[in-house]
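Engineer: Here's the letter readout for the chains.
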Amino acid sequence: MKYVLLLMGNLADDRCGETDEGPGPEEFIAFDEALKEAGVLAGGFALTDPEEGTSLSKATSEAEPVITAGPYAESREFVGGTIVIEVDSLDDALAWAAKCPGAIGGRVEIRPLAEY
Amino acid sequence: MAPAAAHEERPADDVLARVHREEHSRLLAALVRRFGDLDLAEDAAQEAMESALRSWPEQGVPQQPLAWLTTVARRAALDRVRHDQTAARRLAELHVREEATAPPADEGPLTTEDVPDERLAMLMGCCHPAIAPADRIALMLRFVGALTSAEVAQALLLATPTLQARITRAKQRIAAHRIPLTVPTDPAERERRLPLVLTAISLIFTEGYSATSGDAPIRRELSAEAIRLARITRQLLPASAEAQGLLALLLLSDARSPAREDAEGIPVPLEDQDRSRWDAGSIAEGLALVEEAAARPDAGSFTVQAAIAAVHAEAPRFEDTDWAQVVALYDLLLTHGEDPVVRMNRAIAVGRTRGPAEGLALLEQLAAEPELARHHPFHISLALLREQLGRTDGAVAAWRRALDLAGGIAEQRFIRRRLARLGE
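Protein sequence lines correspond, in order, to chains A and B.
Letter 48 of the first sequence, counting from 1, is numbered 47 in numbering that gives the first Met the number 0, and no numbers are missing.
Letter 404 of the second sequence, counting from 1, is numbered 403 in numbering that gives the first Met the number 0, and no numbers are missing.
These are calculated hints, taken from the structure and not from any lab test.
Each residue gets a CB set at the ideal place from its N, CA and C atoms; glycine is no exception.
Don't take each hint at face value.
Now the in silico label distances, taken between C-beta atoms and shown as ranges [to be verified]:
#1 B/ALA149 x A/GLU114: 32 to 42 Å
#2 B/GLN62 x A/GLU36: 51 to 61 Å
#3 B/ALA175 x A/THR53: 40 to 50 Å
#4 B/ALA366 x A/VAL65: 45 to 55 Å
#5 A/LEU10 x B/THR205: 32 to 42 Å
#6 A/GLU50 x B/GLN171: 34 to 44 Å
#7 A/GLU50 x B/ARG399: 49 to 59 Å
#8 A/GLU50 x B/GLY336: 33 to 43 Å
#9 A/GLU50 x B/GLU337: 35 to 45 Å
#10 B/ALA175 x A/VAL65: 30 to 40 Å
#11 B/GLU337 x A/ARG110: 45 to 55 Å
#12 B/LEU156 x A/GLU108: 31 to 41 Å
Can you build the whole structure from these sequences, using the hints too?
Structural biologist: As C-alpha cells, then:
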C-alpha cells in the first residue's frame with residue numbers, strides 16, 4: 000500500500016527551511032538513501048520555498064481565475080515536499096515518518112494514496 | 000461437535016446471551032486475526048450467531064459454544080471470500096496466509112483451546128493513536144465489550160445513528176489507512192500503546208461513574224463494563240503493573256458507589272458517606288491488587304491513584320484517613336505528569352493534614368488555571384475550606400460559581416442545600 004508523507008513546514012517556525020536550527024539537506028539525502036535501501040521508496044519531490052509559489056483559484060467553474068503571488072495568505076503551514084513510500088500498514092508508514100528529518104520542528108502528515 | 004445431552008439444563012437463549020457478551024468479542028477478535036478484515040469478521044460472526052439461534056434450540060447447545068461459533072464463522076467467511084471477488088482481492092492484498100483459505104473440513108472440530116484469545120490485538124488496535132480518542136472508546140465498547148450499537152449510543156449519550164456513523168467512519172479509516180488491529184511488534188510501540196488502552200478504559204469508567212441515577216441504566220452499567228475490560232486487559236497482560244493498578248483503581252472507586260448518593264439521588268461527599276455500605280468484596284480485591292502492583296518497578300499513575308483510593312478504603316472512619324500519606328501519594332502522582340486537578344486534590348489533602356488555611360492558600364493559587372476555573376468541584380472545594388475558616392462571604396461566592404457550572408440536577412440540589420445552610 001502506498002502512503003504519501005507530506006512534509007509540512009510552518010512559516011512561524013525558524014526550524015523549518017534553510018536555517019541552522021532545522022535539519023539540513025544532507026539529513027534528507029540520508030533518509031532518502033535509507034528508504035531506497037529498504038526498498039520502500041516509491042516517489043516524491045522536494046519543493047522550493049512557499050513564497051516562490053503562485054496561487055490560482057476559481058470561485059465557480061465559470062468564474063475568472065484569480066491569481067495571486069505566494070501561498071494562501073492566511074495559512075501559516077506549507078508543504079515543503081513529499082515522499083511516497085510503499086509499505087504494508089500504517090504502522091510501517093509511521094515508523095518511517097518517525098525517522099524523517101522533516102518531522103523535527105515541522106510535521107509529517109501521512110496520507111494513504113487514493114487508488115482509482 | 001457433540002451437542003450437550005441435557006438441553007433443558009443449558010437453555011439456548013441463556014447460553015447465547017452469555018456467549019454474546021462474554022465470547023462474542025473473542026470470536027470477533029479471532030476472526031479479525033485470521034482474516035485481517037473487520038467488516039468480514041463482523042459479518043461472519045453475525046452469521047454464526049444467527050446460525051446458533053436457529054440450531055441450538057433444536058439440537059441443544061454444543062459443549063464448546065465458542066469453538067462451534069468459530070468453526071461456523073470461519074466457514075461463512077471463507078464462503079464469502081470464494082464468492083466475492085472484492086473480498087478475495089482485499090484479503091490477497093492483506094497477505095492472508097495460504098492456510099487461511101484451506102477448506103475448514105481439513106481443520107477438524109475445534110476446541111476452546113484452539114481459539115486463542117486475540118482480544119489484546121483488538122484492544123490495542125482500537126486504541127491506535129491514528130484513531131481519534133472518542134472513537135477509540137466507541138470501538139472498544141462495540142468490538143471488545145460486544146455492546147450493540149444502540150447500547151453504546153445510550154451509554155455515550157449519543158443518538159444511535161450518530162454512533163453508527165462514528166463507528167462506520169472509524170472502520171473506514173482503519174481500512175483506508177490500513178491501521179493494523181494487532182499487538183505492535185515493536186516493544187517500544189507496545190509500551191506507548193498500553194497507556195492509551197488504559198486511559199480509554201478509565202474514561203469509560205468515568206462516563207458511568209459520573210452518571211446519576213436519573214440517567215439511563217446502561218450508563219451506570221458502563222462502570223461495570225469498564226471493570227470487565229480492565230479485568231480482560233490485566234488477564235492478557237499479567238506482567239503490567241499499570242494494567243493491574245487500573246483494575247485496582249476501578250474496583251476501589253466502584254466500591255463506594257452504594258454510599259455515593261442519598262435516598263433522593265443527591266451526591267454524598269466522601270466525609271459523610273456511610274462506609275458500612277461500601278462494597279467489602281471489591282475493596283478486598285482492589286487492596287490486594289494495588290499492594291502487589293505498587294511493589295513493581297513499572298508502577299505508574301494508575302497504580303498511584305489506586306494507592307490513594309486504598310488509603311481511603313482502609314480508613315474505618317473519615318477522621319482516621321492518613322492524610323499525610325495521601326499528600327505524599329499526590330506528590331508522587333505529580334512526578335508522573337503535571338495536572339491541575341491533581342494539584343487541586345493535593346491542596347484539599349494538605350488542608351486536612353496541615354489545616355484549612357494552608358489548603359485554601361494552595362487552592363487559591365490554582366484559581367487562574369483555565370481547566371479548574373470551569374471545574375465545579377474546584378469551586379466546591381474552595382467553598383468548603385472558606386466555610387471551615389468562617390469566611391462566609393467567600394464561601395457563598397464559591398458555592399454560587401459552582402452552582403453555575405454544575406451540570407447535574409442532583410449536584411445543583413446539593414449545592415443549593417449547602418447555600419441554604421449559610422442562610423442564602
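Engineer: Would you list, in rising numerical order, the hints stated earlier that this structure does not obey?
Structural biologist: Going through the list in order, the structure violates hints 3, 11 and respects the others.
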